[in-house]
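Chains as they are written, first to last, in our numbering: chain A, 1 to 246; chain B, 1 to 640; chain C, 1 to 253.
Since the hints were made in silico from the structure, they are not lab data.
Careful, some of the hints might be misleading.
[What the hints assert, rightly or not] Below, computed lysine-lysine pairings styled on DSS-like, alpha-carbon distance capped at 25 Å:
1. B:K186 <-> C:K208
2. A:K121 <-> C:K225
3. C:K20 <-> C:K4
4. C:K90 <-> A:K121
5. A:K121 <-> C:K20
6. B:K491 <-> B:K614
7. B:K104 <-> B:K614
8. B:K104 <-> B:K8
9. B:K8 <-> B:K186
10. B:K199 <-> B:K35
11. B:K255 <-> B:K491
12. C:K90 <-> A:K111
13. B:K33 <-> B:K8
14. A:K121 <-> C:K4
15. C:K253 <-> C:K237
16. C:K241 <-> C:K253
17. B:K199 <-> B:K255
18. C:K20 <-> C:K90
[As the list claims (entries may be wrong)] Residues from chain C that keep clear of chain A, each with C-beta distances beyond 12 Å, as calculated:
19. M1
20. D2
21. E30
22. I39
23. E42
24. G48
25. D93
26. A137
27. D139
28. Q192
29. E194
30. A199
31. K237
32. G251
Every residue, glycine too, gets a C-beta built ideally from N, C-alpha and C.
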Amino acid sequence: MTATGSKTDSATTTRRPPPWPIRFYQSDVGKKYVMAITGIVGIGFIIFHMLGNLHTFEGTHQINEYAEGLRDIGEPIAPRTFLVWIGRIGLLASLVLHVHAAFSLTIANQKARGTVGYDEKRNYLAANYASRTMIWSGVIVLLFLAFHLADLTIGVKAVNPDFTRGEVYDNLIASLERWPVFLIYVIAQGALALHIWHGAWSLFQSVGINNPRFNHWRRNFATGLASILAIGYLTVPFGIMFGIIH
Amino acid sequence: MTITLDSKVPSGDIADMWDNHRFNIRLVNPSNKRKYKIIVVGTGLAGASAAATLAELGYEVEAFTYHDTTRRAHSIAAQGGINAAKNYPNDGDSIHRLFYDTVKGGDYRSREANVYRLAQVSNEIIDQATAQGVPFARDYGGLLDNRSFGGAQVSRTFYARGQTGQQLLLGAYQALARQVGLGNVKLHVRSEMLEVVMKDGHAAGIVTRDLTNGTISSHSAHAVVLATGGYSNVYYLSTNAMACNVTAAWRAHRKGALMANPCYTQIHPTCIPASDEFQSKLTLMSESLRNDGRIWVSKTADDARAANDIPEAERDYYLERIYPSFGNLAPRDVSSRAAMRMIEQEKGVGPLHNGVYLDFAESINRLGKDTIEARYGNLFEMYERITDENPYQVPMRIYPAPHYTMGGLWVDYNLMTNLPGLYAIGEANFSDHGANRLGASALMQGLADGYFVLPYTIGDYLADYLNTEPVPTSDPVFTEVEQAVADRTRKFLATKGTRSVDWFHRELGKIMLSNCGMARSASGLEKALSEIPALKDEFEKDVRVLGESDDMNQALENAGRVADFFELAEVMCRDALDRKESAGGHFRVEHQTDEGEAQRDDVNYSHVSAWEWKGPGQAAVKHKEPLEFKYVKLAQRSYK
Amino acid sequence: MDVKLRVWRQGGAFGAGSFKEYSAAGISPEASFLEMLDIVNEELTAAGEEPIVFDHDCREGICGTCGLMINGQPHGPQQGTATCQLHMRKFSDGETIVIEPWRAAAFPVIKDLVVDRSAFDRIVEVGGFISVATGAAPDANLIPVPRDAAEASMDAAACIGCGACVAACPNSAGQLFTAAKHGHLSLLPQGQPERLQRAQAMVDVMEKFFGSCTNHAECETACPKGISIDYIAQLNKDYVKSQVANRNLAGQK
Numbered sequence: 001m002t003a004t005g006s007k008t009d010s011a012t013t014t015r016r017p018p019p020w021p022i023r024f025y026q027s028d029v030g031k032k033y034v035m036a037i038t039g040i041v042g043i044g045f046i047i048f049h050m051l052g053n054l055h056t057f058e059g060t061h062q063i064n065e066y067a068e069g070l071r072d073i074g075e076p077i078a079p080r081t082f083l084v085w086i087g088r089i090g091l092l093a094s095l096v097l098h099v100h101a102a103f104s105l106t107i108a109n110q111k112a113r114g115t116v117g118y119d120e121k122r123n124y125l126a127a128n129y130a131s132r133t134m135i136w137s138g139v140i141v142l143l144f145l146a147f148h149l150a151d152l153t154i155g156v157k158a159v160n161p162d163f164t165r166g167e168v169y170d171n172l173i174a175s176l177e178r179w180p181v182f183l184i185y186v187i188a189q190g191a192l193a194l195h196i197w198h199g200a201w202s203l204f205q206s207v208g209i210n211n212p213r214f215n216h217w218r219r220n221f222a223t224g225l226a227s228i229l230a231i232g233y234l235t236v237p238f239g240i241m242f243g244i245i246h
Numbered sequence: 001m002t003i004t005l006d007s008k009v010p011s012g013d014i015a016d017m018w019d020n021h022r023f024n025i026r027l028v029n030p031s032n033k034r035k036y037k038i039i040v041v042g043t044g045l046a047g048a049s050a051a052a053t054l055a056e057l058g059y060e061v062e063a064f065t066y067h068d069t070t071r072r073a074h075s076i077a078a079q080g081g082i083n084a085a086k087n088y089p090n091d092g093d094s095i096h097r098l099f100y101d102t103v104k105g106g107d108y109r110s111r112e113a114n115v116y117r118l119a120q121v122s123n124e125i126i127d128q129a130t131a132q133g134v135p136f137a138r139d140y141g142g143l144l145d146n147r148s149f150g151g152a153q154v155s156r157t158f159y160a161r162g163q164t165g166q167q168l169l170l171g172a173y174q175a176l177a178r179q180v181g182l183g184n185v186k187l188h189v190r191s192e193m194l195e196v197v198m199k200d201g202h203a204a205g206i207v208t209r210d211l212t213n214g215t216i217s218s219h220s221a222h223a224v225v226l227a228t229g230g231y232s233n234v235y236y237l238s239t240n241a242m243a244c245n246v247t248a249a250w251r252a253h254r255k256g257a258l259m260a261n262p263c264y265t266q267i268h269p270t271c272i273p274a275s276d277e278f279q280s281k282l283t284l285m286s287e288s289l290r291n292d293g294r295i296w297v298s299k300t301a302d303d304a305r306a307a308n309d310i311p312e313a314e315r316d317y318y319l320e321r322i323y324p325s326f327g328n329l330a331p332r333d334v335s336s337r338a339a340m341r342m343i344e345q346e347k348g349v350g351p352l353h354n355g356v357y358l359d360f361a362e363s364i365n366r367l368g369k370d371t372i373e374a375r376y377g378n379l380f381e382m383y384e385r386i387t388d389e390n391p392y393q394v395p396m397r398i399y400p401a402p403h404y405t406m407g408g409l410w411v412d413y414n415l416m417t418n419l420p421g422l423y424a425i426g427e428a429n430f431s432d433h434g435a436n437r438l439g440a441s442a443l444m445q446g447l448a449d450g451y452f453v454l455p456y457t458i459g460d461y462l463a464d465y466l467n468t469e470p471v472p473t474s475d476p477v478f479t480e481v482e483q484a485v486a487d488r489t490r491k492f493l494a495t496k497g498t499r500s501v502d503w504f505h506r507e508l509g510k511i512m513l514s515n516c517g518m519a520r521s522a523s524g525l526e527k528a529l530s531e532i533p534a535l536k537d538e539f540e541k542d543v544r545v546l547g548e549s550d551d552m553n554q555a556l557e558n559a560g561r562v563a564d565f566f567e568l569a570e571v572m573c574r575d576a577l578d579r580k581e582s583a584g585g586h587f588r589v590e591h592q593t594d595e596g597e598a599q600r601d602d603v604n605y606s607h608v609s610a611w612e613w614k615g616p617g618q619a620a621v622k623h624k625e626p627l628e629f630k631y632v633k634l635a636q637r638s639y640k
Numbered sequence: 001m002d003v004k005l006r007v008w009r010q011g012g013a014f015g016a017g018s019f020k021e022y023s024a025a026g027i028s029p030e031a032s033f034l035e036m037l038d039i040v041n042e043e044l045t046a047a048g049e050e051p052i053v054f055d056h057d058c059r060e061g062i063c064g065t066c067g068l069m070i071n072g073q074p075h076g077p078q079q080g081t082a083t084c085q086l087h088m089r090k091f092s093d094g095e096t097i098v099i100e101p102w103r104a105a106a107f108p109v110i111k112d113l114v115v116d117r118s119a120f121d122r123i124v125e126v127g128g129f130i131s132v133a134t135g136a137a138p139d140a141n142l143i144p145v146p147r148d149a150a151e152a153s154m155d156a157a158a159c160i161g162c163g164a165c166v167a168a169c170p171n172s173a174g175q176l177f178t179a180a181k182h183g184h185l186s187l188l189p190q191g192q193p194e195r196l197q198r199a200q201a202m203v204d205v206m207e208k209f210f211g212s213c214t215n216h217a218e219c220e221t222a223c224p225k226g227i228s229i230d231y232i233a234q235l236n237k238d239y240v241k242s243q244v245a246n247r248n249l250a251g252q253k
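Construct the entire structure; sequences and hints are all you get.
In structure tokens, the structure reads:
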């Protein structure tokens, strides 16, 4: 008797190995590592974005100026909008890697489960709703991201007919005053919070940051971060809905 | 054929024998080793360590196990530890003391030269295991820790929590896995050896059955090593794993290998008693519990009261009463027999009246619950998991259970059976333990045989066969045996009787336990010798095995094993009847001191009884290997 | 007590596999779960139906041979317990118990409830060892091992290779098994020379068979020996190191 059921055919691996970053990324552990690092980049951006949003409470002028100011970062050393574009490219690259790794791992894991599953409903003890729905919360966030860019960054007319470039405050109110859009934002924030609640804990495991003395802080950190971000983000749509921002 | 039992014990002083022997026996040149093929059957401690070491030396090795992987063998269940004469605690241990303790513990029925060699290589085992990454217990300075164990006055037992067997087996398993990965060992899992193949009086190979699909196939080699463990499962209920069996050794016996001292079996005093008829196995509780637990039964027979309702004055702490100086720490065989006598007097406790109490109340009062928990917490937890009783509140119930078999295939100093080219190592051979094995010595012997003895001694036999090919498996000697194996398998399926294999196994176990267990009498043994063949006949006529032979079929696997147990049981009883003395695990009620202790007869029975198979239904014939004791003085054991 | 069983039967007369219902009547609550199956098998044999095939051996929770998915939980409802040490008193009278084999592509079913777990051995064969030929070892006390390190190594070495971690994992990942072996050897000084090579070799083979770890931690609760997912983090870290570290410096602290 010998082992069967290998996921990949090992006979094809006789070629010269690819350079190490590619080889590393080809492994599942490598992909998880990349997801953790790109996740950290994403979380960094999300924190930054959340803090920026709070300028809305200061009023029209402040938020518009802040938004415009982002384009000026790095002046006069770098040309205007240069660093913003660098950031955007970096974020986009992280996003692409994160999503690619997520989907290829999901497909591989599906295969690893085999064709016949358990009949009895699984009685999970440790795996929680967030961890088991990462792919779905991820997809929701991804779809939301597309909507959000069309709505308030690019200003696609079909999505936000009242969009005016540079008028961040007015655009925001115009969009979020609509009930369906408000709901989209709330649902997306919920998904994001769930995603971060698992992700911000999980990334420690994936990169191997582990010390029994501090391990219980990892879960607290993730819970704290997810709550702060969710609350921070939801203040704006709720602020608009309740007329605090107008 | 005429059988001469040549033990091949080297001459000279016992301390130099092994060195001289290694110098004198023939070697195989490193570049020639790859020309030899060796089959190792069984991959427990002895088998895995032997297969790995032989492959490291350069031999071509094929290893066989009926498990799904080599890490499952029952060596894994050994709890206590492994002895070695390292003398790290500086308490006066030495190779000679370990040798002396082992011979004495074996009640002077083992071969001195073998035991001395065992003590000599014991230290190398610890070095080897540590280097392999066995996580032995350590003190705060990072050095190895030792504990004391029964039958010794020094601390020489190395341990890894209560899982020493597991860790040592994993060490050997990993060494073997490395050789499998390197391509030096061809491993066959879920393959059961069903026959030894002989050609011109030499072992030529084996025939196996693939347990997943029933394929019967032949494998040939220059030498065959059996590392197939002991036969305690002949009692049905034992501490052995469910699949442990005698088939490999028994099939070799039927081909002419002698079975030595089959009546030497060890009963372990602290096991959890059976709870019902369908109990499938007994679980051992570490002997260390007797350090703080007091053993007692009620003074009145058939006492139906709960343990805690029996007042102090009505309890009989019988071990403390009979053996005041050793008390609850009396040796395994002595305390097992005492428990048996209590149950015979209808003083057994528990729902089935089949146990005695092991009470920690006094220790908990004296030392506090925390201390007891620190010492035995995991054992108490295991006990509670199995019995649902909390041993902190009610006394544990324990009873002796068959545990280890000192008897086995007869081997010479080279570990070769009387059949040239057929070796037996570990518990499968009649071993170095004489009539009784000391705690923490089984792991030592298995690894000594596998790592340090067999890999050297096998060269002496192989040297003669340089540049010869193993007998091809197309040879009629193989095809005939294959046919016989297939016929036997089919016969079990064709019987289509009414009773399951397990039913017969349970019945056999009852006969053996009551007549050839802890205490044996001539009348009981004679009764067993008439009952066993009758049960065997019934088995052949009435066993029911369903399913197919070309499929995974556990009942069919078992049928073959139980059939062999019947034949083994007979020779065990015959040996027990023949040995008219009490020694170690073999206690004949006719031969006891006035105080009820085992009484040896050194004049008439200072020998190894090696039994020769004469055919089905025929009485086995006994051959003697006399035992000489030049370095240890014979004495009566006393534990008063 | 009486219980109903829904048992997966496959192979032999049952072909590609389906659930069969059996009833077990008059079972003692003191019986172990496997003894209950023994009794059902005795009754099946008497009734002329082939007994249920399931893997088991030591029946004291150490060999790792047994492993059944019982009511959607690997090794059943009692934590820290292998199937063989589970007792019927953990179930209620009249309950229906669903018994399935481990499910994973790497663990194909051989028959009924028996699966082939040899993928685990393939992982160990490429790196789950310390390369020391018999006879080459120095004195055991030459290299002191800090007690905490020896204990942590032992915690990982307690793995019995039953496969519950894979069975429990929503991704059928083999990470906990691999990490336990890696942790056992790599926490000891004796395991340092091959540490990075071991991590890389074992992970690479593991990934040929198993899914990836996405940190559900379900394996940890299913493990009858309670092995911590901390070892997975350590394995991940060493795997990353194995890709970037300069192994010429492996002899340095």
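Okay, the hints, checked on the actual structure:
no. : hint              : in the structure
1   : B:K186 <-> C:K208 : holds, 22 Å
2   : A:K121 <-> C:K225 : holds, 24 Å
3   : C:K20 <-> C:K4    : holds, 11 Å
4   : C:K90 <-> A:K121  : holds, 19 Å
5   : A:K121 <-> C:K20  : holds, 17 Å
6   : B:K491 <-> B:K614 : holds, 22 Å
7   : B:K104 <-> B:K614 : violated, 34 Å
8   : B:K104 <-> B:K8   : holds, 23 Å
9   : B:K8 <-> B:K186   : violated, 32 Å
10  : B:K199 <-> B:K35  : holds, 20 Å
11  : B:K255 <-> B:K491 : holds, 21 Å
12  : C:K90 <-> A:K111  : violated, 34 Å
13  : B:K33 <-> B:K8    : holds, 24 Å
14  : A:K121 <-> C:K4   : holds, 17 Å
15  : C:K253 <-> C:K237 : holds, 17 Å
16  : C:K241 <-> C:K253 : holds, 14 Å
17  : B:K199 <-> B:K255 : holds, 11 Å
18  : C:K20 <-> C:K90   : holds, 23 Å
19  : M1                : holds, 20 Å
20  : D2                : holds, 20 Å
21  : E30               : holds, 25 Å
22  : I39               : holds, 22 Å
23  : E42               : holds, 25 Å
24  : G48               : holds, 26 Å
25  : D93               : holds, 20 Å
26  : A137              : holds, 31 Å
27  : D139              : holds, 32 Å
28  : Q192              : holds, 17 Å
29  : E194              : holds, 18 Å
30  : A199              : violated, 9 Å
31  : K237              : violated, 3 Å
32  : G251              : holds, 22 Å
Going through the hint list in order, the structure does not satisfy hints 7, 9, 12, 30, 31.
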